[in-house]
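Novice: Sequence:
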Amino acid sequence: MRINITGKNIDVTAALKQMVEKKLGKLERFFRPETPVNVVLSVDGYRQICEVTIPFSGVVLRGEVSTDDMYASIDEVLEVLERQIRRHRTKLAKRFRGGETPELPAWADEDDGDEEAADGPKIVRTKRFAIKPLLLDEAALQMQLLGHDFFVFLNADTEEVNVIYKRKDGNLGLIEPTFDDDDE
7 MRINITGKNI DVTAALKQMV EKKLGKLERF FRPETPVNVV LSVDGYRQIC EVTIPFSGVV
67 LRGEVSTDDM YASIDEVLEV LERQIRRHRT KLAKRFRGGE TPELPAWADE DDGDEEAADG
127 PKIVRTKRFA IKPLLLDEAA LQMQLLGHDF FVFLNADTEE VNVIYKRKDG NLGLIEPTFD
187 DDDE
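Throughout, the numbering used here is defined as the position within the sequence shown, counted from one, plus 6.
Honestly, the hints are just simulated from the structure, not real lab data. Watch out, some of these pointers could steer you wrong.
[Stated by the list, open to error] No farther apart than 25 Å at their CA atoms in a straight line, the calculated lysine to any residue pairs in the SDA-like style are these:
id, residue 1, residue 2
1, 138, 154
2, 133, 75
3, 128, 169
4, 23, 94
5, 14, 85
6, 28, 10
7, 28, 40
8, 133, 66
9, 133, 86
10, 23, 91
11, 133, 156
12, 138, 161
13, 138, 184
14, 29, 52
15, 28, 13
16, 23, 39
17, 172, 183
18, 32, 52
19, 172, 90
20, 29, 86
21, 138, 185
22, 28, 46
23, 14, 129
24, 174, 161
25, 23, 59
26, 133, 46
27, 23, 46
28, 133, 11
29, 128, 155
30, 29, 12
31, 14, 42
Sequences and hints are given; from them, build the entire structure.
Specialist: Following this line, the structure appears as structure tokens:
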């Protein structure tokens, strides 16, 4: 694994870097050597936050933990990632028997940087991602892996952009846009 460690509002000391590499080294058996692992250590007031994102074979694992101690945050984020791997390893194996998982969209954050004042809510962040065709159950799995409440994807069956989302009752919903040319 290629571990990339960055800090926000914190100097990443050699001890912190060594701790992160040691802890995440326990996950090496699950990933190829070239798999990128992005670690962001940040401080927000009293909160010490450790965020780890691992995109591999088209799937994105993500864990974020906030405690009052950075070393505890690093320990806990490892537990979060191990739980995700255990929970989804069998699902992925069943779904994609005999081969590797197909490449799914990987989120890429990009700050908008536009500070114009506007009336009402304004867009403060833009996310861009590569969109690839997915079956409905693959999109639901990817949403669950990311820990999001919704997921935008290209439906492999209809070849249209759809949104799958978690409903308050615990079930999933699907938004399928239609484009009517006859709006008169």
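Novice: If a hint holds in the structure, say so; if it doesn't, say that too.
Specialist: Checked hints:
1. 138 / 154: Holds, because 18 Å separates the two Cα atoms, which is no more than 25 Å.
2. 133 / 75: 30 Å, violated
3. 128 / 169: 22 Å, holds
4. 23 / 94: Answer violated: residue 23 to residue 94 is near 28 Å, above 25 Å.
5. 14 / 85: Holds: residue 14 and residue 85 sit about 22 Å apart, inside 25 Å.
6. 28 / 10: Roughly 13 Å separates the two Cα atoms, so the pair holds.
7. 28 / 40: Holds: residue 28 and residue 40 sit about 17 Å apart, inside 25 Å.
8. 133 / 66: Distance of about 15 Å is within 25 Å: holds.
9. 133 / 86: 24 Å, holds
10. 23 / 91: 23 Å, holds
11. 133 / 156: 13 Å, holds
12. 138 / 161: Roughly 9 Å separates the two Cα atoms, so the pair holds.
13. 138 / 184: Given pair residue 138, residue 184 holds - Cα atoms ~20 Å apart, limit 25 Å.
14. 29 / 52: 23 Å, holds
15. 28 / 13: Satisfied, since the Cα-Cα distance of roughly 17 Å is no more than 25 Å.
16. 23 / 39: Holds, at about 18 Å.
17. 172 / 183: Holds, at about 17 Å.
18. 32 / 52: Given pair residue 32, residue 52 is violated - Cα atoms ~28 Å apart, limit 25 Å.
19. 172 / 90: The hint holds at about 18 Å.
20. 29 / 86: OK: residue 29 and residue 86 at ~12 Å, within 25 Å.
21. 138 / 185: 21 Å, holds
22. 28 / 46: With a Cα-Cα distance of about 16 Å, the restraint between residue 28 and residue 46 holds, given a limit of 25 Å.
23. 14 / 129: At roughly 22 Å apart (the allowed maximum being 25 Å), residue 129 and residue 14 satisfy the hint.
24. 174 / 161: 23 Å, holds
25. 23 / 59: 16 Å, holds
26. 133 / 46: It holds: about 18 Å lies between the C-alpha atoms, which stays within 25 Å.
27. 23 / 46: 11 Å, holds
28. 133 / 11: 21 Å, holds
29. 128 / 155: The given pair, whose Cα atoms are some 21 Å apart, holds under the 25 Å limit.
30. 29 / 12: Given that 25 Å is the threshold and the Cα spacing comes to 16 Å, the pair holds.
31. 14 / 42: 19 Å, holds
Of the numbered hints listed earlier, those contradicted by the structure are 2, 4, 18.
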